[in-house]
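Asks: One-letter residues, chain by chain:
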Amino acid sequence: MAKKFLFISFFCILFIGAYSQSSYRLKADITIKIRNRDSTFQYTKGVVRYDRNIKKVIYSISFPQKEIYVSADTTIFKYQNEKLISKQGSPLKPEFSIFHFMLNNDISDFGLRNSSYKATNVEKTDDMIITKWTAPITPNFPLGNIIVSSKNKRLQSVVIQDKKGVILSRQIFKKYTFINGIEIPTEILAVNYFGGSKSYQIIQFDKILVNETGHDSDYNFVTEKK
Amino acid sequence: MKQTILKSFSLFLAVLMFSFQTFAFSTKTSTAITENEIQSVIGFDESEIYTAFAEVSDLDQYLAQNEGVTYTDIDQENSTLLNGISSSTTLPFSASSDELVLGIPSFFWGCVFGWVGLLVVYLVLENKEQTKKALYGCIASTVVGVVLYVAVFAAAATTTTAYTY
Numbered sequence: 001m002a003k004k005f006l007f008i009s010f011f012c013i014l015f016i017g018a019y020s021q022s023s024y025r026l027k028a029d030i031t032i033k034i035r036n037r038d039s040t041f042q043y044t045k046g047v048v049r050y051d052r053n054i055k056k057v058i059y060s061i062s063f064p065q066k067e068i069y070v071s072a073d074t075t076i077f078k079y080q081n082e083k084l085i086s087k088q089g090s091p092l093k094p095e096f097s098i099f100h101f102m103l104n105n106d107i108s109d110f111g112l113r114n115s116s117y118k119a120t121n122v123e124k125t126d127d128m129i130i131t132k133w134t135a136p137i138t139p140n141f142p143l144g145n146i147i148v149s150s151k152n153k154r155l156q157s158v159v160i161q162d163k164k165g166v167i168l169s170r171q172i173f174k175k176y177t178f179i180n181g182i183e184i185p186t187e188i189l190a191v192n193y194f195g196g197s198k199s200y201q202i203i204q205f206d207k208i209l210v211n212e213t214g215h216d217s218d219y220n221f222v223t224e225k226k
Numbered sequence: 001m002k003q004t005i006l007k008s009f010s011l012f013l014a015v016l017m018f019s020f021q022t023f024a025f026s027t028k029t030s031t032a033i034t035e036n037e038i039q040s041v042i043g044f045d046e047s048e049i050y051t052a053f054a055e056v057s058d059l060d061q062y063l064a065q066n067e068g069v070t071y072t073d074i075d076q077e078n079s080t081l082l083n084g085i086s087s088s089t090t091l092p093f094s095a096s097s098d099e100l101v102l103g104i105p106s107f108f109w110g111c112v113f114g115w116v117g118l119l120v121v122y123l124v125l126e127n128k129e130q131t132k133k134a135l136y137g138c139i140a141s142t143v144v145g146v147v148l149y150v151a152v153f154a155a156a157a158t159t160t161t162a163y164t165y
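As you go down the protein sequences, you meet chains Y and W in turn.
226 is the number that the working numbering gives to position 226 of the first sequence; each next residue is one higher, with no gaps.
17 is the number that the working numbering gives to position 17 of the second sequence; each next residue is one higher, with no gaps.
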């Protein structure tokens with residue numbers, strides 16, 4: 001009886017693992033709203049596409065104007081009317097983006113498991129698990145520790161501190177949906193602190209599509225030199 | 001001889017024990033999760049964020065009903081919807097357009113602190129645009145410095161020439 005149970009459990013785990021691993025492509029409507037410190041707003045709407053094998057985040061923006069942004073490796077390319085307008089460096093590589101974490105099912109720890117941060121303490125309060133991730137001891141590293149809370153393996157909130165323990169940013173991940181074996185937060189709220197002032201950000205995902213077939217060129221935008 | 005080895009070994013063990021205790025203490029204090037940290041991560045009022053965006057709710061509704069419209073389209077039809085809204089695009093988790101080190105514009109970091117200011121902006125913000133501004137500040141201060149130096153040098157030379165005649 002016990003052997004049978006173990007046998008079934010093993011295959012269940014294998015099946016769930018294979019199911020979640022099979023998610024490789026994501027498409028969603030995206031809305032990004034920012035309230036700057038001077039109370040002005042930035043409002044962006046469009047479609048985001050990401051294929052974890054190609055490792056390019058492609059934003060097809062419709063508002064404020066029709067533009068395409070491609071984040072590839074450490075560069076962000078900006079296109080208007082199919083012409084390259086600018087390119088600029090970005091410290092955030094696509095494989096460290098939230099889209100990669102979602103498809104890899106790494107979102108519960110904010111992808112920190114595969115970073116230079118180390119989980120140094122874990123506490124449980126009610127149904128929440130709180131993990132402290134300690135920053136690498138590198139002289140020029142700009143950030144401090146990161147505190148992450150999760151519930152039922154779903155990332156709930158993240159607090160990023162500076163080296164002195166002062167909060168730089170808070171992020172809340174909510175309204176989860178479960179598609180093709182992956183957990184997707186459809187709303188992310190963020191507050192960034194600058195001394196006495198704050199800026200706010202809301203990111204919303206809608207019409208989420210996992211593993212869209214065909215349309216390969218939409219996920220592998222060929223970037224060209226200016 | 002045996003006594004010396006025993007004494008040395010005892011001393012080694014004592015030092016080892018002391019260092020382990022020190023290490024354990026320092027580890028505990030640096031990695032423990034404080035009550036403040038727990039509250040900062042679980043006790044946050046989300047309504048503060050939603051309230052901050054109340055002013056753009058009309059634009060939210062308009063864009064939901066009119067897919068594909070651009071900033072220019074709305075500006076021509078109903079520009080009041082765009083009050084306080086920038087026409088520039090932003091990407092998720094990108095640095096806010098007004099992100100500054102200690103609230104000081106990057107240009108001044110470069111201008112006042114030279115290459116050190118440039119380095120501070122580069123390391124803290126990791127933002128190419130802001131680093132570029134700091135670089136311009138650095139170049140501007142250098143140019144002003146050179147111009148002043150040349151002007152002072154020229155003035156001094158003129159004065160010297162006057163004395164010669």
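Each hint should be verified, as a subset may be incorrect.
Pairs of lysine-lysine residues, derived as DSS-like cross-links and limited to a Cα-Cα distance of at most 27 angstroms, are as follows [as the list claims (entries may be wrong)]: (1) K132/W - K87/Y; (2) K163/Y - K56/Y; (3) K118/Y - K78/Y; (4) K132/W - K163/Y.
Output of the computed footprint for chain Y on chain W, the stretches with three or more beta carbons under 8 angstroms from beta carbons of chain Y [to be verified]: (5) 39-47; (6) 53-65; (7) 68-74; (8) 143-157.
Think of the hints as simulated: they come from the structure by calculation, not from any bench.
From the three backbone atoms N, C-alpha and C, an ideal C-beta is built for every residue, glycine too.
Asks: Evaluate each hint against the coordinates.
Replies: To see whether the hints hold, each was checked on the structure:
As the CA atoms of K132/W and K87/Y are separated by approximately 14 angstroms, the hinted pair is consistent with the 27 angstroms bound. Restraint check for K163/Y and K56/Y: not satisfied, since their Cα atoms lie roughly 31 angstroms apart, outside the 27 angstroms limit. With a CA separation close to 35 angstroms, the supplied pair K118/Y and K78/Y exceeds the 27 angstroms bound. In summary, the hint linking K132/W to K163/Y is supported, as the alpha carbons are separated by about 25 angstroms, within the 27 angstroms threshold.
For a cut-off of 8 angstroms, the count of residues in the stretch 39-47 of chain W with a CB near a CB of chain Y stands at 5, and the three-residue condition holds. Only residues whose C-beta sits within less than 8 angstroms of a C-beta in chain Y count toward coverage, and the stretch 53-65 of chain W has 5 of them, enough to reach three; the restraint holds. By the rule of at least three residues with a Cβ nearer than 8 angstroms to a Cβ of chain Y, the coverage given for the stretch 68-74 of chain W holds, with 5 such residues. A stretch counts as covered by a chain when three or more of its residues have a beta carbon under 8 angstroms from one of that chain; for the stretch 143-157 of chain W and chain Y the count is 0, and the coverage is violated.
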